[in-house]
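**Q** Listed here are the chains, written in short residue letters.
Protein chains: 4
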Amino acid sequence: MTEVEPIYDLAHLAHVELLTPTPDESLHFFAEVMGMTESGRQGDSVYLRGWDDYEHHTLKLTAAEQPGLGHYAFRATSRAALLRRVAAIERSGLGIGWTDDEMGHGPAYEFRDPDGHRLQVYYETEWYQAPAELRPALKNQASRFPGRGANVRRLDHINLLAADVSANRAFMQEALGCRLTEQIIFDDGSEKGAWLTVCNKSYDVAIAEDRYGAHGRLHHVTYAVDSREDVLRAADICLEYGVYIESGPHKHAIQQTFFLYLYEPGGNRFEVANAGARLILAPDWPTIVWSEAERKKGQAWGLQTIASFHTHGTPRVEQ
Amino acid sequence: MTEVEPIYDLAHLAHVELLTPTPDESLHFFAEVMGMTESGRQGDSVYLRGWDDYEHHTLKLTAAEQPGLGHYAFRATSRAALLRRVAAIERSGLGIGWTDDEMGHGPAYEFRDPDGHRLQVYYETEWYQAPAELRPALKNQASRFPGRGANVRRLDHINLLAADVSANRAFMQEALGCRLTEQIIFDDGSEKGAWLTVCNKSYDVAIAEDRYGAHGRLHHVTYAVDSREDVLRAADICLEYGVYIESGPHKHAIQQTFFLYLYEPGGNRFEVANAGARLILAPDWPTIVWSEAERKKGQAWGLQTIASFHTHGTPRVEQ
Amino acid sequence: MTEVEPIYDLAHLAHVELLTPTPDESLHFFAEVMGMTESGRQGDSVYLRGWDDYEHHTLKLTAAEQPGLGHYAFRATSRAALLRRVAAIERSGLGIGWTDDEMGHGPAYEFRDPDGHRLQVYYETEWYQAPAELRPALKNQASRFPGRGANVRRLDHINLLAADVSANRAFMQEALGCRLTEQIIFDDGSEKGAWLTVCNKSYDVAIAEDRYGAHGRLHHVTYAVDSREDVLRAADICLEYGVYIESGPHKHAIQQTFFLYLYEPGGNRFEVANAGARLILAPDWPTIVWSEAERKKGQAWGLQTIASFHTHGTPRVEQ
Amino acid sequence: MTEVEPIYDLAHLAHVELLTPTPDESLHFFAEVMGMTESGRQGDSVYLRGWDDYEHHTLKLTAAEQPGLGHYAFRATSRAALLRRVAAIERSGLGIGWTDDEMGHGPAYEFRDPDGHRLQVYYETEWYQAPAELRPALKNQASRFPGRGANVRRLDHINLLAADVSANRAFMQEALGCRLTEQIIFDDGSEKGAWLTVCNKSYDVAIAEDRYGAHGRLHHVTYAVDSREDVLRAADICLEYGVYIESGPHKHAIQQTFFLYLYEPGGNRFEVANAGARLILAPDWPTIVWSEAERKKGQAWGLQTIASFHTHGTPRVEQ
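Protein chains in written order, with our numbering: chain W, 2 to 320; chain A, 2 to 320; chain Y, 2 to 320; chain B, 2 to 320.
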C-alpha cells in the first residue's frame with residue numbers, strides 16, 4: 002500500500018486579474034451586464050466579485066495596454082498546506098517569492114507556471130463584508146442577489162493557453178496537487194487540452210494548446226450561474242447590450258459545461274456557465290481522455306466548434 | 002501557528018440502505034418514478050443508483066418489517082485515510098469491526114454514531130459499468146440519462162434524527178472529520194439541527210432533533226437533480242403517480258436547498274433537491290447559526306414548515 | 002345548426018388601474034423590483050408596462066387614499082367589434098358612456114360590472130415607441146429586456162372579488178363575450194369562482210367570492226414571466242427587497258398557473274405567474290368545474306391555501 | 002370606418018400527417034423519445050398526440066415510400082365559421098371536396114394551397130378520452146404527464162416549403178383568414194419566408210422558399226414544451242438516443258422561438274420549441290419584416306444558420 006494519497010492543500014481557484022485596455026467599458030460590462038459588485042479600488046485596479054463569492058474579490062480588473070491575464074491565485078486549505086505547496090513550488094524552480102501588497106488577502110507566494118502565467122497562492126483572506134444596502138436576506142449568502150444583468154454567482158474556473166500543454170499540466174499536478182479530470186490527446190500523442198481540479202468542481206483550471214506557440218496567454222475566465230436557464234438569460238441580456246457573443250449557449254461534450262462565450266470590451270474572452278449538479282466526488286476519478294476524432298465531432302449536441310475558439314486568446318498574437 | 006488543519010479523509014457520502022415494508026412498491030417508486038437504475042440484487046436487497054452516480058450503487062433497498070435506515074456509508078479518499086478514520090472511530094469506542102460482505106465495494110469498517118445509526122466507511126469500490134443499453138453518449142457520465150420520471154442524478158445527502166444532536170454532531174466532527182456548515186441553536190442553548198460536510202457540497206449529513214427522544218431514526222435521504230425546474234417537474238410527476246408530497250417545492254432558508262419532500266411507499270421520507278451553483282469552497286467556512294426566532298420564520302420565501310416535518314421519521318414512533 | 006358562435010370582439014385584457022396610498026413605494030416596487038418601465042405621467046398617475054407589452058401602458062398607478070382597483074380595460078379586435086360590445090353593454094343597462102381623456106389609447110366606452118368594478122373597452126391604441134436606450138435588439142419585441150428585478154414580461158390577467166360571482170360572470174359572458182374556462186361550484190350550488198377568457202390565455206379575468214359581501218374590490222393583478230424558474234427568481238428577489246410574499250411559488254390546481262403572490266407596498270395583491278405552454282385553443286372548451294371537496298385539497302402539489310388568500314382584498318374591509 | 006375586421010374562423014392548427022418510409026422507427030421516436038401517446042391505428046397510419054393535446058390526435062404517422070407531408074388540418078371555430086371558410090376556399094378554385102373517413106374528427110373539407118400541400122378544415126372533433134392509466138391528476142389537462150423522453154406538450158406549428166412563398170402566403174391570408182406576423186423580404190423584393198397565425202400563438206404555419214423550386218414539401222413540424230430548459234433536456238435525451246440533431250438548441254431572431262431541430266428516423270425534420278410567455282395579443286399586429294441583411298446575421302445569439310436548414314425538406318429533392 003504505497004499508493005500516493007490525493008493532495009488537499011489547495012481549496013479552490015480564488016481570483017483572476019484581468020488586464021484591459023478599456024477599463025471603463027470593461028467595468029461597465031462586469032458590474033452592469035454581468036451583475037458583479039465592486040469591492041475596492043487600488044491604483045489602476047478595480048476589485049469585483051459575484052454575489053455569492055465569499056472573499057473580498059474574485060476579479061481584479063487592471064488597466065493595461067493589452068488585454069490578457071495579470072495573475073491568478075489559489076487559496077490554500079490551511080497555513081500548513083500553504084507552506085507545503087510553497088516548498089513544492091520552490092523545488093520546481095518556478096518560485097518567485099512572498100508578496101503582501103494585494104488588497105483582500107494576506108501574504109501570497111508568487112510563482113510562474115512553465116508557460117509563464119503568473120500565479121499566487123495564499124491562505125489568509127479577507128471575508129467580504131457586505132455594506133447595509135448589499136446585505137443578503139439569508140445569512141448563509143455572501144451578499145444580496147443583485148437582480149441586475151446576468152447575476153453571475155461565483156468564480157468558477159480559468160482557461161489558459163500554453164505552448165506546451167503537457168508541461169504546464171504536469172507542473173500543476175506535481176507542484177500544486179491538482180487532479181486531472183479530463184484531457185484531449187490527439188492521434189500523434191500530443192496533448193491538446195487538460196482540465197484540472199483542486200476541489201469537487203470538475204475543473205478549476207483548464208489548459209488549451211496555444212496555436213501560435215505564444216506564452217502566458219489567457220483563453221477565458223468563467224463565472225457560474227445557477228441554471229442553464231440563467232445562461233440563456235445571460236445571452237438574452239448580452240444581445241440587448243450588444244456584447245459580442247462568440248459561441249453558445251450550448252453544451253460542451255468535455256465536462257458537459259453549459260456555456261456562453263463572450264468577449265468583454267477589453268477583448269478578453271469571458272464565459273457564463275452552469276454545470277448542473279455535476280461534481281467530481283470520486284477521489285480517484287480516472288482521467289477521461291478525448292481522442293482527435295471525438296474532438297472533431299464538435300460540442301455535445303453537434304455544434305461545430307467555432308474557429309475563433311481555437312485561435313483567439315489575450316493578448317492577441319493572431320494577425 | 003498551531004491551528005488544526007481540516008481533515009480530508011472522507012470523500013463523500015457513498016450510499017444509504019433504506020428499509021421498507023413494501024419492497025415492490027418502493028422499488029417501483031425509485032426505479033420508475035424517480036428514474037433510478039437497478040444495479041444488482043442480493044438476499045432481500047435491491048441495489049440502485051442515479052444516472053450519474055459513479056459507484057455500483059448509492060441506494061440499497063432492503064425488505065424489512067419497519068421502514069427506516071439500515072446503514073449508510075462514506076467513501077474515504079485513500080486507503081491511508083480510511084485507516085486514519087478507523088483509528089479515530091476505534092478511539093471513540095463506537096467501532097464495531099471490519100466487514101466484507103457487501104456488494105459493490107471492498108472492506109468496510111462498521112460503527113455506530115452516538116445515537117445508534119449504523120455507518121460504514123470504506124475506500125475500495127466497484128465503479129459502475131453500464132451495460133450496452135445504458136451506456137451514455139458522453140463518456141464522462143456514469144450512465145445514460147434515463148428520460149424517465151424524475152431523473153434523479155446522484156445521491157446528495159442524508160438527514161438523521163437524533164435524541165442528542167450535539168453528541169452526534171461532535172462525533173461526526175471529531176471521529177470523521179466532518180465540517181459543520183450550519184446549525185440551529187435555540188434560546189435555551191439546545192442544538193436542534195446540524196449540517197455537516199466532508200466535501201464541497203454544503204452538507205453530506207444533517208442531524209435534526211428527534212422530538213420523541215427515539216434513537217437511530219431517519220429523517221430523509223436526498224438525491225440531486227440539475228435545476229430547480231427539475232424539482233418542479235418531479236412534483237408534477239409525483240402528482241400523476243399519486244406519491245404523497247409532504248412539502249415543497251420550496252426553498253429552505255437553511256442551506257438554501259430547493260426541496261421537494263415525498264414519502265416513498267414504504268414510509269420513508271425522500272427528498273428531490275437542487276442547490277444551484279452553491280458550493281462551500283472555503284476551507285474555514287464559519288458555521289452559520291440560526292436562532293429560534295429565525296427558525297420560526299419558516300422557509301426562505303415564508304412557507305411555514307409543515308408540522309409533520311418536525312415529527313415524522315422512520316421507523317415511526319409517533320401515534 | 003342554430004348553435005351560437007363564439008364571440009371574438011375583445012382581443013385581450015389591456016390595462017389595469019391600481020390605486021395606492023403609497024405611490025412612491027408602489028412605483029419603486031413596480032419599476033425596480035418587478036422591472037417595469039415607466040411610459041408616462043398624468044395628474045396623480047404613473048403609467049407602466051412590462052418589457053413586451055405592446056401598448057403605451059398596461060398598468061396605471063394612481064395615488065389614492067385606499068388601495069384597490071381604479072378601473073380595468075379590454076381592447077376590442079376592431080372598431081366594429083367595439084361598437085358591437087358597446088351595444089351589448091348598453092342593453093345590459095350598466096353602460097356609463099364614452100370617454101377620451103386617457104393617455105395611451107383612443108375613445109373608450111366606460112361601464113360597470115354588476116358588482117361595481119369600473120371597466121373600459123376601446124379599440125384605437127398607441128403602440129409603445131421605445132426611446133433609443135430602451136430599443137430592443139430584436140425588432141419583434143416591444144422594448145429591451147431590462148435585466149432588472151423580476152423582469153415581468155406582460156400583463157396576464159386580473160382577479161376580482163365580487164359579492165355575487167354568478168351575476169358578474171354571466172355579465173362577462175353575455176355582454177363581453179368572455180368564455181368560461183374553469184369554475185368552482187360548492188355543494189350547495191353556490192359559485193365561488195369563475196375564470197374567463199377572451200383569447201387563448203386560459204383566463205383574462207377571474208372572479209372570486211368576496212367573503213365580506215363587499216363590492217368592487219380587487220383580488221390581484223398578474224404579470225407573466227417566461228418560465229417557472231423566472232417565478233422562483235422573482236421570489237428570490239422579493240426576499241432581498243423585503244417584499245411581503247403571501248404564498249408560493251407553487252402551482253394552482255385550477256388553471257395550473259405557477260404563481261407567486263406578493264403584496265405591493267400600497268397593499269394590493271400582485272402575482273407573478275407562468276403558464277408554461279398551456280393555451281386554450283379549443284373554441285368550445287367545456288368549462289372545468291371544481292367541487293367543494295376538490296377545492297379543499299388545496300393547491301396542485303398539496304399546499305393548503307393560505308387563509309389570507311380567501312380574505313385579503315383591496316380596499317380592505319376585514320378588521 | 003370601412004376597415005376589414007380580422008377573421009376568427011379558424012381556431013388553430015389541428016393536426017399534421019407525416020409520411021415515413023420507416024414507420025416502426027418513426028413510431029419509436031415519437032412515442033418513446035418525444036414522449037407522445039398513441040391514440041389509434043387505421044390502415045398504414047398510427048395516430049399520436051402530446052400529453053396536453055385535447056383532440057384525438059395531432060399527429061398521423063403514415064407509412065409511405067418517401068418522407069414528407071400527407072396533409073395538415075385546421076379546426077374551425079364553429080360550424081358556421083367552417084362553412085364561411087369552405088366558401089372562400091371554393092372561390093379560390095383550390096377546393097377538392099368534403100371527406101368523412103378520418104379517425105378523430107367529423108366532416109372535413111379538403112383542398113390544396115397554391116404550392117400543392119394538401120389541407121383540411123373541419124369543426125366537429127372527438128375529444129381525447131384518456132384510458133384509466135393515462136388519466137391526469139388534474140382534470141384541466143388532457144392526459145397524464147408522461148415523464149418519458151422529451152414530454153412534448155402540444156402541437157405548435159408547421160413549416161412548409163413553397164416554390165412561391167408569396168402566392169402561398171396570400172392564399173392563407175385570403176382564403177383562411179390567417180394573420181401575417183413576420184416575413185422575410187430580400188433586397189430584390191422576393192419574399193423568402195412568411196409566418197402566419199390564426200390564434201394568439203405567433204404562428205401556426207410558416208412558409209419558407211423551396212430552394213429547389215419543388216412543390217408540396219415539408220420543412221418541419223413543431224411541438225411545444227413548457228420551458229427552454231425542457232428544450233435543452235430534449236437535446237440531452239436525443240443525444241442519448243442517437244437522434245440526429247440538425248441545429249440548436251438556440252433562439253431564432255424571427256419569432257424568438259427557442260428551437261431544437263431533429264430529423265426523425267423517416268427523414269422528416271422535427272422541432273421541439275418553446276416561446277416563453279410570448280403571445281400575439283394585438284388584433285392588428287403589424288407584420289415584422291426582416292431584410293436580407295438581417296437574415297444573414299443568423300440566429301438571435303449569433304449562431305450562423307446551418308446550411309441544411311436552407312435545403313433539407315421532405316420528400317428529398319437535393320442530391
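Just so you know, not all the hints are guaranteed correct.
Any copy will do: because identical chains look the same in the list, a pair fits if it lies in one copy or spans two.
To be verified - DSSO-like mimics (lysine-lysine), calculated; alpha carbons at most 27 angstroms apart, straight line:
id	residue 1	residue 2
1	Lys-140	Lys-193
2	Lys-140	Lys-297
3	Lys-298	Lys-140
These are computed hints drawn from the structure, not numbers from a lab.
**Q** The structure should be examined with respect to each hint, and the outcome stated for every one.
**A** Status of each hint after checking the structure:
Taking the shortest Cα distances, Lys-140 and Lys-193 sit within 27 angstroms of each other only across copies (18 angstroms), while inside one copy they are farther apart (43 angstroms). For the identical chains of this complex, Lys-140 and Lys-297 are inter-copy neighbours only, at 15 angstroms across copies versus 46 angstroms inside a copy, given an alpha-carbon limit of 27 angstroms. With identical chains, the CA atoms of Lys-298 and Lys-140 are at most 27 angstroms apart between copies only, with a shortest distance of 14 angstroms across copies and 45 angstroms within one.
Violated hints for the displayed structure: none, as all numbered hints are satisfied.
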